[in-house]
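Asker: Protein sequence lines, in the order shown, are assigned to chains A and B.
Just so you know, the first sequence maps onto residues 1 to 119 in this note's numbering.
Just so you know, the second sequence maps onto residues 120 to 263 in this note's numbering.
Hints are not guaranteed to be accurate.
What the hints assert, rightly or not - Sample of chain A residues at the chain B side, in silico, Cβ under 8 Å:
{"no.": "1", "residue": "Gly20"}
{"no.": "2", "residue": "Asp45"}
{"no.": "3", "residue": "Leu50"}
These aren't lab readings, by the way, just hints derived from the structure by calculation.
In this text the structure is predicted, and so the values were computed from the model without any measurement.
Ideal placement from N, C-alpha and C gives every residue a C-beta, glycine not left out.
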Amino acid sequence: MPGNGNGVHRVAVCGKGGSGKTTIAGTLARVLARRGRRVVAIDGDSNPNLALTLGLPFAEAQRIPPLPRDLLVERIGPSGERTFVLREPPDEIIRTYGVRTPDNVMLLLMGRVDHAGAG
Amino acid sequence: MCGTHATVRRVLGELVAAGDDMTVVDMEAGLEHLSRGTTRGADTMLVVAEPYFKSLETARRGYELAKELGIPHVFIVANKSRGSRDEEAIRMFCGRNHLDLLATVPFDETVLEAELGGAAVLDVNARTTSVTEIQRLADLVTTL
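This is chain A alone, in the form it adopts within the complex (with noise of 0.2 Å):
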């Protein structure tokens, strides 16, 4: 399994507007999560899609908070070098922000977010 050492696999889909990008990484996460995988979709686009997608009644879709501008925090190293961690461990996060949908793949909603001192 590829991975980062957590055994997880980082699927992203991308592709041009209306290329039907959406409807593929929602209805693969919902058919691996059918499968009795644990599944977590970012929603890396803004819209409202990927939320449908994964069976979310519209009016609910609309309601999901995007994840705080704030979600990362600036690091300066022993050398100076800036790095940004996330303010809270992803488990948290993930409780905290993110939506269950019908077929228990855990929705989060990029929006817009930003951190301290962006440039």
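Based on these hints, arrange chain B on the given structure of chain A.
Answerer: Coordinates of chain B only, in the frame set by chain A:
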């Protein structure tokens, strides 16, 4: 590097909770995010292309950018294919440009029907042709 892009990258790289095994990210439309390295944290990149030249050409650029970023698995996923002529054109294009084609999702009226009603294609008909091919795509992605 600002805002959304930096955050998407960090989130892709780090927002992995204990007990998850897949993260699927629906990227921002277009390729701008690729040139900024936003998706560097991905293990697999699926570049969705429609069977016409401009779309395939855009996909080719996305594919090559993703490769340059060092994403380990990069594939084209063709979508809205209307039959053997489209399939052949996609295969030819991918062959000529050395692009790895993972799946070809057929054009499917059920998808349009779902979109019109603000619903998900999977909820309209879980056995429709496009869903069947996405299931096959899921098989392939899980064996990577």
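Asker: So, for every hint listed, does it hold in this structure?
Answerer: Verification of the hints:
1. Gly20: At 4 Å from the nearest chain B Cβ, glycine 20 (chain A) passes the 8 Å test, so the hint holds.
2. Asp45: Given a least distance of 5 Å, the restraint on aspartate 45 (chain A) holds.
3. Leu50: holds, 5 Å
In summary, the structure agrees with every hint in the numbered list given earlier.
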